[in-house]
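Going line by line, the protein sequences match chains U, H, W and Z. Read in order, the letters of the first sequence correspond to residues 2 to 396 in this note's numbering. Read in order, the letters of the second sequence correspond to residues 1199 to 1455 in this note's numbering. Read in order, the letters of the third sequence correspond to residues 4 to 298 in this note's numbering. Read in order, the letters of the fourth sequence correspond to residues 297 to 622 in this note's numbering.
Worth flagging that the hints you see were computed from the coordinates, not collected in a lab. Hints are not guaranteed to be accurate.
Stated by the list, open to error - List of simulated lysine to any residue pairs, SDA-like, C-alpha gap at most 25 Å:
#1 U:K75 / U:S137
#2 U:K205 / Z:L504
#3 U:K205 / W:I12
#4 U:K222 / W:A137
#5 W:K282 / Z:L504
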Amino acid sequence: MQRVLIGLASLLLLFSAVTGASWAAPKELVLGCNFILSGPAATLGIATQRGAEHAAEVINSTGFKVQGEQYVLKLEYFDSKYLPAEGMSNLEKMLNHGIRYIFTLSSGVSVPLVERTNMAKMLQLTDGSGADHLTSPKYPLSFRVTPNNETAYAVYPWLAKKYPQIKTIANINPTDEAGFTESETRVRCAKNLGMKSIANEMYKRGATDFYPVATKITALKPDMVDFGCTLGRDQALCGKALREVGYKGMFLVNYPDPGAFVEMAGRDAAEGAILSSAITEPQTPKQKELYEFYVKKFGSPVINKFYDSYDPIFMFVEAVKKANSLDPAQIAEALRTVRWDSVYGEMYVGMESLYGIKSCFCRPLPMGIIKNGKPMYLDTVAWPSSEVIAKLVRD
Amino acid sequence: MKFLETKGLTKAFGGLVAVDDLNLAVDKGEIVGVIGPNGAGKTTVFNLISGMLPCTRGKTYFNGETITGMSMHQIAERGLARTFQLPRLFGNFTVRRNMLMGLHLSAETGFWKCLFNSSKTKASESKLAARADEILEEVGLGGRKEELAYNLPHGLAKTLQVALSLGCNPALLLLDEPMTGMNMEEVQEMALLIRRLRDSRNVTFIIVEHNVRAVMGLSDRVAVLNFGKKIAEGRPSEIAQNGEVIRAYLGGTDDVA
Amino acid sequence: MSAAFGQIILTGVTMGLIYIMVALGLTLVFGVMRVVNFVHGEMVMLAAFSMYYIYGVWHVNFVLALVVSAALVSAVGVFFQRYLYKPLKYDMDSVMICALGASYAIKSASWLAFGPVPRHIPTVFPGMLHFFGAFLSKERAAACVICIALTAGLYLVLHKTKMGKAIRAVEQDSEAAQVLGISIDGVNAMVFVIGCSLAAVAGTFSGILFAVEPEMGSDPLMKCFMIILIGGIGSIPGAIVAGLMLGLIDSFSETLFSGEMAFIIGFALLMFILIVRPKGFFGYDISELTTRRKE
Amino acid sequence: MLKLIQKFGAPAIVCFLFLAPILVTSNFYLHVMIMMCINVIMATSMWLLATTGLLSFGQAGFMFIGAMTSALLVKNLGWPFWVCIPLAGIIPALVALAVGRVCIHIKGAQFFMVTMAFGELVRGIFAYFRNPFGGWYGIINIPPPEPHRYFTPLNKIGFYYLGVTLMVLTCWAVYRVSRSRIGMIFWSLRESETLADSIGVNVRKHKLHAFLFAAFFAGIAGTYYAHYQSYISPLVFTVQMSLSALIFVVVGGMWSFGGPILGAATLTLVPEFFRATGVYQMLIYGVILVFAVLFMPRGIVGVLEEKVFPLLLRTRRAAINAHDQP
């Protein structure tokens, strides 16, 4: 027994010696990044990290003033391994470091934290889905920095206008809350626009072989397959499988990585796929600059998460400047009024009509299409007005 | 009815019939030797009687009740213990602890009693400890109580094995080759031990043994198996003359007198 | 529906064969050394990445690239066998933890090294096959053919060649084999080389069919352990039967039900099979061996 | 001196743990200690099962069942937490009884697989039925125990003391059992089931007991986890978690009661040193595991015995031969 005692004691000492060296760097505004840096979903984390990192560099080249003092933005990275428990430990660690603004990836990790972050008066930025958890009046301090299921409100009307021949739609989503939210929204939108959603498939995240799902959907012969919030690899594999089992219709690919999609699905399979809310070819100078930066530093193809995570950092800093204070609550209020010229176009916090509080970042959606093996720019869809949304969510 | 009786005991591994329609009867207090060339199915007989293997056909009666189809520990509870050909021991236990384990059947193993280590448990444990030491002394392992079992030399391992089986104070003891691989005086000691146990505790023994001379010397009756069949049974002297037995052994071990 | 039905069967068979391809190497290692080699998945992954670079980026000849990456991975495997597993005396528990740690390390290292973009090995066999109503891409067909060839080859190697006999001897009873003058280390190293080469092929094909990314190895790994245990440890026919069975189960349940339902059905069946037949279809009772401790 | 330590070692640790909040004021350290308590409970109960030679990958499943039980009862039916704690242990134990009856005869690797399959099955089922189990989101905002003013998510003292109490109780129970005759029987099963059977030990029954015991405490750990984190979901109780329990046991040292405790404590604290390293945390953790197993064949405790306290080695026996000798 006494072995345990001595072991514990020494460990605790060592422990407090190492972590007890609590950091205290003056004039640094620290944003804690609760990212997925290992495990199955590390793709998101690493891509996001690249975007945020770059944003921080750009910001810190000049720095910013709060209450007359010069500040720089510092990002501290923590690995949540896509495990809620780890995310929680990270949160505790950040509280211990005195961090009061965090950026959490994936709903699986951010939803468990939201109660706590609000109690601790922390500002939480996240990309997770989950209407009544992350974007609700209950939690005024949590923001969704990339619209996910909301994009449907913009994309579907556009589709209905541009491709009136689409009558039947099949939805594919992963079996988790993100997937469910996404599919609900999309099915409802389709219904309210007079399209018919004939299949609503849920596949197990991490599946690599999509032949079964593809078989099932192909048998139903929809005009278009909507990949919902299926991400990166899975979209490509699923598209490939669908083509291989003889599906002839269109694809709607959301938040894709256009380059990777083409490479993995294969030119013929990818041909004609519509890419929603993804930057295919850089149009504006800002996009060009970012694109070149990424390609120079990491090589192509550019991951869309890179663009997604770039602007929220600026929004945050803008809010800090505007609030001219370090208090999360004031920053949150300021954030709701910020309008920022983002990579995608004008970015602001909205969706009050839907959630009863402004806590979802809104921005125009660039649409693209894959023509003879290359992702091409197609159109830019403005963020829908609250009337449009109201029309789409009525039942 | 006899003390132990097998009626038409048969075991077939797929096609091969290891034990074929064996009828064996043992009286209380006897020492019966079972001999036979290699692969005659002697050990299988033990495995069938002790319930380690399910038998294909036949019945086994022990002490008036049928024990066929019972699991090993149920049979052990009824006072029929066995040893193994290659001594099986709790290798990482000390000899003493092995013996304590051997006394399992007379121990208090109620979960809550053990959890709260009640005075009753304490008492029974201390009684058992005394018993264990006593048995170890009796078999002559008194000096090596604290050794780990897998450090014991072969002979002593076999002795400890016998001691373990004595732990569940058996009325019938099946010894599987208790003397094989022992030197002369170890064999003598083992034989003495067996006699002593028979006389002091009135234990009945069935002994499978390759060392035919020792068995002949030790047992009251001898049964001879060959290819799973009993080819002869009787007093050692008769068996020694039995022509079939000798034929069976030709080319087998040269132990036959 | 009949077309769809044919498709389901076809899908199941191909899935099964692809599982088997990964499982072959694993079952060999597991069978001979009785170690749960969690690193095998990482071998698959590393092989896929080296294929991606050698064949996909530098455009070396396919076969040559395959040989090179097999050699690389085998080197890694033998390193593990020599410097990690042997010192641990192939003790089941500790080797399992050790391999687990190694695979964590390798995975996060390769996230750092290879970045977040899922890669893809350009296919060697473009085009589609089409038999009565069911579709099959040529690359899948090729994968199946290769898998069958490998299985047959492995079977022959194990049963015809001297080396194979030695391996099987060690698998049955290493002590006895040692007495017969077979070098256990040699055999173990050889087993790792074979296993890793198989892993290399598996990695290549799952890289062609699916994606190349740091996690690609871990996902099929559990499936492979199921295959091994259901089929019977170290038994190649067993692996084949179990693999095909799992493939068909997956294909059917995923096509006819939703994602989780497939998940549930899969594991329920696994439990059922193992409960009814713990030693697997073609397995001998390895429980004593797997639970044995060094004394 | 040694006698003193042996006599007062355990009480000393307990006092130490109960006084720790005076030294450790930061919520983060308390949080880590709380996670440590959970892991220790997992590891010790798992260890007791391991002494019978069975290693279960399904512990997370039992944890999940326990957590789900109390979460549902407290959140939906408004039962008091203190009533739910025992229930959250008993119900997994009952499930374990059902599962054990059919699969306890399986050995070795197959037993890993069956229990692993069971754990995944539990996850799958809880994920499939979104009502009442909440699908992949699981259950959110599980209320903390009463009285609420001592158990708020931000004030960890209450949770800490609860956790330590549970941990101490678990350790006490496991210690008592492992030192009693039942513990001896468990070890003997690990040594040789056939022999145990032949001397009258009901092998199935005792294995089943060990399985139930482990499941019970896993359930307790689960419910504690649920009410502390106020959130449970199939993402939480993965195979990873069951594996980590096994890792604690092996790294800490199979052959001694201190092993799982030290293993859990070490492997909970050590990765925390590297938490701030983000990407590299898993990398470092993996390497640590490899070297731990490589250089500590008998686990941390083994090293302590052989290198650090050779004196104690002589005075104390490994758990396998430790038994309340009168």
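How the hints compare with the structure:
no., hint, in the structure
1, U:K75 / U:S137, "violated, 28 Å"
2, U:K205 / Z:L504, "violated, 34 Å"
3, U:K205 / W:I12, "holds, 20 Å"
4, U:K222 / W:A137, "holds, 15 Å"
5, W:K282 / Z:L504, "holds, 20 Å"
Hints 1, 2, counting from the list given before, are not met by this structure.
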